[in-house]
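Start from the sequences and build out the full structure, keeping to the hints where you can.
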Amino acid sequence: MEFKDKIVLVTGAGSGIGRVTAHAFAKEGGTVVVSDINEKGGLETVEQIAALGGKSIFIKTNVADAASVEQLHNQIVDKFGQLDVAINNAGIGGIPARTHESSLENWDKVMAVNATGVFYCMKYQIQQMLTQGGGAIVNTASIAGLRGLPNNLAYVASKHAVVGMTKTAAMEYARNKIRINAICPVFTVTPLFDPAVMEKISAGLSKKLKSGIPMKRFADPIEMANTILWLCSDKASFVTGHAMPVDGGLTA
Numbered sequence: 001m002e003f004k005d006k007i008v009l010v011t012g013a014g015s016g017i018g019r020v021t022a023h024a025f026a027k028e029g030g031t032v033v034v035s036d037i038n039e040k041g042g043l044e045t046v047e048q049i050a051a052l053g054g055k056s057i058f059i060k061t062n063v064a065d066a067a068s069v070e071q072l073h074n075q076i077v078d079k080f081g082q083l084d085v086a087i088n089n090a091g092i093g094g095i096p097a098r099t100h101e102s103s104l105e106n107w108d109k110v111m112a113v114n115a116t117g118v119f120y121c122m123k124y125q126i127q128q129m130l131t132q133g134g135g136a137i138v139n140t141a142s143i144a145g146l147r148g149l150p151n152n153l154a155y156v157a158s159k160h161a162v163v164g165m166t167k168t169a170a171m172e173y174a175r176n177k178i179r180i181n182a183i184c185p186v187f188t189v190t191p192l193f194d195p196a197v198m199e200k201i202s203a204g205l206s207k208k209l210k211s212g213i214p215m216k217r218f219a220d221p222i223e224m225a226n227t228i229l230w231l232c233s234d235k236a237s238f239v240t241g242h243a244m245p246v247d248g249g250l251t252a
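Using this note's numbering, read the sequence shown as starting at 1 and increasing by one per residue.
In short, the hints are calculated from the structure, not lab data.
It is possible that part of the hints are untrue.
To be verified - Only pairs whose alpha carbons sit at most 30 Å apart, straight line, appear in this in silico DSS-like list of lysine-lysine:
{"id": "1", "residue 1": "LYS123", "residue 2": "LYS40"}
{"id": "2", "residue 1": "LYS207", "residue 2": "LYS27"}
{"id": "3", "residue 1": "LYS235", "residue 2": "LYS123"}
{"id": "4", "residue 1": "LYS79", "residue 2": "LYS27"}
{"id": "5", "residue 1": "LYS27", "residue 2": "LYS55"}
{"id": "6", "residue 1": "LYS60", "residue 2": "LYS167"}
{"id": "7", "residue 1": "LYS109", "residue 2": "LYS210"}
{"id": "8", "residue 1": "LYS27", "residue 2": "LYS109"}
{"id": "9", "residue 1": "LYS177", "residue 2": "LYS216"}
{"id": "10", "residue 1": "LYS79", "residue 2": "LYS60"}
{"id": "11", "residue 1": "LYS123", "residue 2": "LYS167"}
{"id": "12", "residue 1": "LYS40", "residue 2": "LYS60"}
{"id": "13", "residue 1": "LYS123", "residue 2": "LYS109"}
{"id": "14", "residue 1": "LYS27", "residue 2": "LYS4"}
{"id": "15", "residue 1": "LYS123", "residue 2": "LYS207"}
{"id": "16", "residue 1": "LYS60", "residue 2": "LYS27"}
{"id": "17", "residue 1": "LYS40", "residue 2": "LYS55"}
{"id": "18", "residue 1": "LYS55", "residue 2": "LYS79"}
{"id": "19", "residue 1": "LYS167", "residue 2": "LYS4"}
{"id": "20", "residue 1": "LYS27", "residue 2": "LYS123"}
{"id": "21", "residue 1": "LYS177", "residue 2": "LYS55"}
{"id": "22", "residue 1": "LYS60", "residue 2": "LYS123"}
{"id": "23", "residue 1": "LYS177", "residue 2": "LYS123"}
{"id": "24", "residue 1": "LYS79", "residue 2": "LYS4"}
{"id": "25", "residue 1": "LYS4", "residue 2": "LYS40"}
{"id": "26", "residue 1": "LYS177", "residue 2": "LYS210"}
{"id": "27", "residue 1": "LYS40", "residue 2": "LYS79"}
{"id": "28", "residue 1": "LYS79", "residue 2": "LYS210"}
{"id": "29", "residue 1": "LYS4", "residue 2": "LYS123"}
{"id": "30", "residue 1": "LYS177", "residue 2": "LYS60"}
{"id": "31", "residue 1": "LYS207", "residue 2": "LYS235"}
{"id": "32", "residue 1": "LYS55", "residue 2": "LYS235"}
{"id": "33", "residue 1": "LYS123", "residue 2": "LYS55"}
{"id": "34", "residue 1": "LYS177", "residue 2": "LYS79"}
{"id": "35", "residue 1": "LYS167", "residue 2": "LYS177"}
{"id": "36", "residue 1": "LYS27", "residue 2": "LYS40"}
{"id": "37", "residue 1": "LYS27", "residue 2": "LYS235"}
What the hints assert, rightly or not - Ranges of calculated distance between the beta carbons of each label pair, as one might list FRET restraints:
{"id": "38", "residue 1": "ALA174", "residue 2": "ASN74", "range": "40 to 46 Å"}
{"id": "39", "residue 1": "HIS100", "residue 2": "ILE57", "range": "20 to 26 Å"}
{"id": "40", "residue 1": "GLU39", "residue 2": "ALA203", "range": "35 to 41 Å"}
Ideal Cβ positions, reconstructed from N, Cα and C, are used throughout, including at glycine.
Below, the structure written as structure tokens:
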């Protein structure tokens with residue numbers, strides 16, 4: 001029960017890594033605030049946590065909208081009086097295209113959700129954590145925040161931004177007992193990355209992507225969730241400003 005009596009926010013918790021992470025925190029005793037723009041998915045996550053005997057609530061949020069993010073954090077503080085852990089996981093993949101063929105609309109949308117959304121969330125999370133004397137934040141970046149990924153300029157730019165924001169904010173608030181880290185997942189089997197869909201896009205694509213990973217497999221969402229839990233726990237008390245690859249050795 002590592003997170004008993006802790007209030008934990010997980011954005012993008014209506015599916016994928018966010019949902020599995022919300023489950024994991026609830027199993028460890030945390031009261032989880034499930035946040036997502038997808039109300040149906042978010043409520044399903046809350047129902048699943050209840051079935052596991054955990055505690056959670058759902059708050060619908062659009063992380064790309066500053067007012068929506070501010071309202072989310074105000075509701076958390078009004079209801080619980082604290083925010084101990086925040087997982088800024090909400091993100092989108094965008095539409096693959098070469099740089100000169102990328103649409104302006106795709107760039108704006110991906111950056112708004114993946115980069116600006118993380119800034120909005122950290123802004124209000126840090127404000128609260130300063131008042132209560134500390135906390136832990138983990139941002140979901142990507143291996144695309146550490147290297148290039150052809151045909152995904154907006155996504156790569158947004159995830160590099162997440163890594164940079166993580167490092168900068170971590171340095172600013174280290175003395176305030178606020179630890180801020182990021183995880184950089186490799187291809188993880190979620191609704192956003194379905195190997196079967198990859199094969200429909202291009203025969204052999206799934207095998208090709210897997211071949212570049214030294215462990216020769218894709219990641220499971222629970223492997224991301226376990227890493228996030230460790231980064232937010234007292235076991236990682238001296239870890240801050242770290243963009244941690246969780247990638248089966250790919251970036252190595």
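Okay, the hints, checked on the actual structure:
no. : hint                         : result
1   : LYS123 <-> LYS40             : holds (27 Å)
2   : LYS207 <-> LYS27             : violated (34 Å)
3   : LYS235 <-> LYS123            : holds (25 Å)
4   : LYS79 <-> LYS27              : holds (21 Å)
5   : LYS27 <-> LYS55              : holds (9 Å)
6   : LYS60 <-> LYS167             : holds (28 Å)
7   : LYS109 <-> LYS210            : holds (28 Å)
8   : LYS27 <-> LYS109             : violated (34 Å)
9   : LYS177 <-> LYS216            : violated (38 Å)
10  : LYS79 <-> LYS60              : holds (15 Å)
11  : LYS123 <-> LYS167            : holds (14 Å)
12  : LYS40 <-> LYS60              : holds (10 Å)
13  : LYS123 <-> LYS109            : holds (20 Å)
14  : LYS27 <-> LYS4               : holds (9 Å)
15  : LYS123 <-> LYS207            : violated (40 Å)
16  : LYS60 <-> LYS27              : holds (22 Å)
17  : LYS40 <-> LYS55              : holds (18 Å)
18  : LYS55 <-> LYS79              : holds (14 Å)
19  : LYS167 <-> LYS4              : holds (28 Å)
20  : LYS27 <-> LYS123             : holds (28 Å)
21  : LYS177 <-> LYS55             : holds (26 Å)
22  : LYS60 <-> LYS123             : holds (18 Å)
23  : LYS177 <-> LYS123            : holds (16 Å)
24  : LYS79 <-> LYS4               : holds (17 Å)
25  : LYS4 <-> LYS40               : holds (27 Å)
26  : LYS177 <-> LYS210            : violated (39 Å)
27  : LYS40 <-> LYS79              : holds (22 Å)
28  : LYS79 <-> LYS210             : violated (44 Å)
29  : LYS4 <-> LYS123              : holds (25 Å)
30  : LYS177 <-> LYS60             : holds (29 Å)
31  : LYS207 <-> LYS235            : violated (36 Å)
32  : LYS55 <-> LYS235             : holds (23 Å)
33  : LYS123 <-> LYS55             : holds (26 Å)
34  : LYS177 <-> LYS79             : holds (23 Å)
35  : LYS167 <-> LYS177            : holds (15 Å)
36  : LYS27 <-> LYS40              : holds (22 Å)
37  : LYS27 <-> LYS235             : holds (18 Å)
38  : ALA174 <-> ASN74: 40 to 46 Å : violated (26 Å)
39  : HIS100 <-> ILE57: 20 to 26 Å : violated (45 Å)
40  : GLU39 <-> ALA203: 35 to 41 Å : holds (36 Å)
Checked against the numbered hints above, the structure breaks hints 2, 8, 9, 15, 26, 28, 31, 38 and 39 and satisfies the rest.
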